[in-house]
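Could you build the full structure based on these sequences and the hints that come with them?
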Amino acid sequence: MDMNQYLSMFIDESNDHLQSLNEKMLELEGSPEDISIVQVIFRSAHTLKGMAATMGFEDLAALTHQMENVLDLVRNDKLKMQNFIFDTLFKSLDALEAMVQDITQGGEGKADVSAIVTSLQAIVRGEVPNEDGASGNAGSNAPAASAEAAISKEQIQLDEFQHSILEQSLAAGHRVLYIEVSIREDCQLKAARAYMVFDLLERSGEVVKSHPTVQEIEQEKFDRSFSLYFITEKDPEELRTMILNLSEIEDAKLVSIDSDTLAQLAEKLEKEEEEAIAAPVTVEAAPVAEVAAEKASADDKQPAAAKKVVAAPSRTIRVDIERLDVLMNLFSELLIDRVRLEQLATEIKSQELTESVEHMGRVSSDLQNIVMKLRMVAIDTVFNRFPRMVRDLAKSLGKKLDLVITGAETELDRTVIDEIGDPLVHLLRNSVDHGIESIAERVAAGKPETGTVNLRAFHSGNHVFIEIQDDGKGIDRNKVLASALKKGVVTEDESRSMTDEQVYQLLFAPGFSTAEVISDISGRGVGLDVVKSKIATLGGHVAVTSTLGEGTLFSVQLPLTLSIISAMMIRLGSEKYAIPLSSIVETGIIRKEQVRNVHGSKLIPYRDAHIPLMSLSKFFDAADYSEEDEEETEIVVIRKGDRLAALAIDSFIGQNEIVIKNLGKYLPQVQGISGATILGDGQVALILDPNALIK
Amino acid sequence: MAEQIKVIVFALGNEEYGIDVDKVRTIERMMPITRVPKTYSFIKGVINLRGVVIPVIDLRGRFNLEESEYTDQTRIIIVAVGDMEVGFIVDAANDVVDLDRDNIDSPPEVVGGVKAKYLDGVAKVGEDRLLIMLNLAEVLNRGEVAHLEQLED
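Those sequence lines, one after another, are chains A and B.
Using the UniProt record's numbering, read the first sequence as starting at 1 and increasing by one per residue.
Using the UniProt record's numbering, read the second sequence as starting at 1 and increasing by one per residue.
Source of the hints: derived by calculation from the structure; they are not laboratory data.
Here are the simulated SDA-like cross-link-like pairs (lysine to any residue), alpha carbons at most 20 Å apart as the crow flies:
(1) A:618 <-> B:37
(2) B:38 <-> A:662
(3) A:665 <-> B:83
(4) B:38 <-> A:574
(5) B:38 <-> A:694
(6) A:618 <-> B:39
Partner residues are not named here, just some residues of chain B that face chain A (Cβ under 7 Å, in silico):
(7) 34
(8) 46
(9) 51
(10) 54
(11) 55
(12) 83
(13) 84
Glycine included, C-beta positions come from ideal geometry on N, C-alpha and C.
Dropping the structure here:
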């Protein structure tokens, strides 16, 4: 599947999470005892891990998983935060940042994180490294090793004393040589060969400094080569031949050093000393950054693939939702003026004015469409990343299952779309991990091998519903209660009087998890509690229904604070109302004699049955309309579930896309009204709530 | 030195009332109001104020005063209390005065037919001008409204 379209979203979200991780870590450093901060950090890390795993960035996921392990201990009071833990965690964050940076630049987010992972694992094992900690050691070893590598390629370090000897020798007209000797790989007695070299050299000059030291060389503590500074009066070529004449010597490099090179060497020495001091701090970031840079350049060499990846992040920009609100409101103002201008143009009867007003009308209706659509996003953008995730999950758990998605075209406000991804990931993981049984269990229970998870989204009345339904084993009430009792979430007394729904809601309690084994999928008891708090902040709620042995349904209900729906605009005398198209079955006209009175309520024939006819004008106390005066009345047949009813109305205006707005905080719930919308002429029209009309 | 406040002055019947200027968003001329059925009679409906739907209360109706025809002078004062925005329909609104908080006296039982609990006090402006300060929180108290409704039933 093409992941490019989600890449920018991933990068944005990852950066947000890293940002908040950094902030919270700093906050925690200030007050290390505050477990609630650890909870927040843990959740961020958990989400980041989930996203990284979904996108296939293994190294990112692996590192966050190790961080999570450490945080989990802290969270459960099994580990106290200490300085070295902070250091390691911060280093981990730096590494994560570098990886995300790499991904942003089109790389694959790969990096060698083994050093950090090792120190994180050490912390989990409870090892307290001496003084600066394992991470510190690992950190300082690394630069030393790399520095050594650099030096052996270049020259050995000289101290001031040796430096001055070389200087004096040069001044006295002697030759100073830098010699690098490598011994054959299959040599058995390296120390002996090295000794022979030293012996040879010592007969024709003086060895000032060798690397490794003479002692180390004698104890064979060197690889295959060693290097040294040598003062002599002999010709370098002659010396070289002499060395090479010794057996089992592979190569010998001789470089003459004059006073200039010597001065440069001295400078370098100083620099290296400075770097050595600074190294432990910067070194962790450096290798990763290097890797990132290498990756980026490697990718450049595959132009087709690389360019696509690089282009992805720049395709969207993030805009503050508030600005969109302001834009929308200003635009409504413009519409009012447009209507006024149209009226004036007709009054003045100026051809040119009418034409330009018409043009303005066309432009502004296009503009209106765009402004409205800016905020609305099909939930498809969230749903699309799920099939891959569910497939991978099922595979790793050894389960077979189908994910059936319906209603992916349902449009939701951008704010909701941005926030709803994480909770849905958790719920889906939960269904796949805990809901659907293993193949063996399913066969034993007489179910098909392949489980089904249904993911549905739809508008209903004033809300958007997102449902996740599995045909798994259902929730075991007793198991949930037992676990809740054990963890002290509920007391014995409370547990006896709890309804099933209340018991299911325990799943969303903080720190609650029925899974015995901690997997990287779910079972840490963070998932569902995050889900609940997230959905609550969006003003919605989660309901759970479950039948033991048959499956579980998680139903997420979200309010339509701002959403565009298709509606039928109708007139009731001088008043205008909007009826959501989703609940309209059909429209028609009935004659007065078709209406029958049965026990005081009116019925009309519809298809093969009779359905109740409701007078909207009576229900709303319309002042200037009553269908009683008419021979023929327009009706709208509406539906709630499988029940139908007809509404008698004055006349139809037409179908429209409308923006749902609430009636303001002051007004109490108004029966039969779900909200309001602003019409093209600037007037407010109320939106009917068909659910409230059918009792 | 007592605290100075700025007050928007509006007319209702024969009396002049004041609202702290900080609580007032804007003052609008009369505009089309969409009736909201099945609610209190003093809630006249909702208006579109620059893209935001805002409920509008006829203040005469709220204080059980006789409702009158809207004229050219009729204004809608949009006030914001907490996170609620509400429009008040008043007979006229055309003055802003500076007040000394010390000059606000506690209100008598009933002023111009308005119960004392809706009032913050009465302020004397100049020689013979009395300004009745509204207690917006009470005016917008919905619990109280529900109680009132029950009594009427």
